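> Sequence:
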Amino acid sequence: MGKQSKSIVAGMTVLGLAGIICKLVGVLFSIPLTWIIGADGLGVFQAVFPTYNLLLTISSAGLPVAVSRMVSHALAHDDPRSAKKIFRIALCLLTALGCICTLLMLCGSPLLADHVNQPEAQLGFQVIAPCVAVVCVLSAFRGFMQGQQNMVPTAISQLIEQVGKVFISLPLAYFGAQISIAHGAAGALLGITIVEFVALVYMIMLYLRRRYVFSQIPQLSTEEESSGKGIARQLMLISIPITISACIVPLSQTIDSSMLIERMLSTGMTIEQARPVYGLFSGLVIRLINVPTALALAVSMSLVPAISAARALDDYDTVARQSDLGLRFAFLIGFPCSIGMSFLSREIVSFFYAETLSPEHLTIASELLSVSSLTVVLFTVVQATSSILQGLNYQRIPMYTLIAGVVCKIALNYILVGTPEIGIHGAPIASLVCYTVSLVPNLYFVLKFGKVRMNWMGWIVRPGIATAAMGAVVLLMRHILPQHRLITLVEVAVGVVVFVAAALEVKAVTPDDLRSLRRRKKGANA
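If you use my numbering, the sequence shown corresponds to residues 1 to 526, in order.
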């Protein structure tokens, strides 16, 4: 495995470990939050997030990726001065965009609350609005450091966010809940704003402390330094398609937040019945699904700067190797996570929420998870292929393919969720179709433009065999052993061991991969 490939594995490892920890903390956070504000309050809490995520995506999704790509490109040409100038211009743009979106959210909070059919959510929109500006500035620092292929600061700032939620959001939710459900949800959202600010302070301090690094790198480029307008224009050209692409899923979630409830109401359900069920899907099931997808995001964030740097040097052999590596890891992550969570859906939901959900809601949540978990492998590969295409400067392709997928998703949600016999169970089916529609053309264009060969054995057959072995053992244990939290932990642990052993046996994972992971752990701890 070459140096560049090891760097990608390194970045995946750091971001993946941090992401898994963060997502697990997020799941654990939702348990006491549900105790404090209840399923009804969780519905109010979740009603705010789709719109918040949409505004956050509009303002901060594309530019950090563009910063990462342009910084890695500049450093590949030994031009640190341009890299720093790119960061400064991006920081100004992101700050301005964040402030505009914050003002829009503050001023439009009554309309937004009406849009999601929950007037109680108005206060929640108001208290989380400043978070948009904070995260925009934070994302500029993350993009700058990722462009240097240094993923540790991003990982640490993510940990700060999640741990801070436990110690700040939960107490604020508790005090707010003494007033009303709406105040309880707003307290939890206010805590998120505060911890994002703390994470930003950490990144600023780190940047100021390590600023000297660039001054010690000799300026080797003889090209005329790029103008500020030229850099800003290039940032926008790269970021706009990525932003549109990144907005598509939050936009569909914003539509879902009103449409899913409306479609359930059309089947004869009352708002008191529909809102908790929507909260189960969007608040609990999606949160559980997000745990393994943290690894997908780690793969994608590591691929963009690495492939961009190789492309800057016209090294398409390296591009092909890195793309193959990224896709291999995407399938290795996605297959076992999808099958494992689907087979153990009841046990996983019970592990986290047995005391907080009624038996009826527990059954609904486990049924939703068993289908929704199958989207993990699709999402992971879509993320990897999108990142490869972005690194190759074909960022418009993932935008178009995801638009096609989301159009299918919205149409299916309207039809399936509005069918009394299917109801909310149609939502995960629609998501499966969405990511399948996006994946197929993405993969085709990666093979075409990245000069990558379809690796059936490395991507699908070997990970599939290892996953089948794991699934067989997990199913056997599930039928033999009683349901208990400790037993669930044993089943998960045994499943992981069986998968790793089988993956090594069929050479889906090589000893060189494991050595790279161990080296990265040592480097991250240094």
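The reader is advised that the hints may include incorrect statements.
Each computed DSS-like pair below joins lysine-lysine, with the alpha-carbon atoms no more than 27 Å apart [unchecked claim]: (1) Lys85 x Lys229; (2) Lys84 x Lys229; (3) Lys451 x Lys507.
The hints are simulated quantities; they were obtained by calculation from the structure and are not laboratory data. Here the structure is a predicted model, which is why all the values come from computation and not from measurement.
> Give a verdict on every hint.
Hints, verified against the model:
1. Note on Lys85 and Lys229: the hinted pairing holds, with a Cα-Cα distance of about 11 Å set against a maximum of 27 Å.
2. For the hint pairing Lys84 with Lys229, the CA-to-CA distance comes to about 15 Å; that is within 27 Å, so the pair holds.
3. A distance of roughly 24 Å separates the Cα atoms of Lys451 and Lys507; the hinted pair therefore holds under the 27 Å criterion.
In summary, the structure agrees with every hint in the numbered list given earlier.
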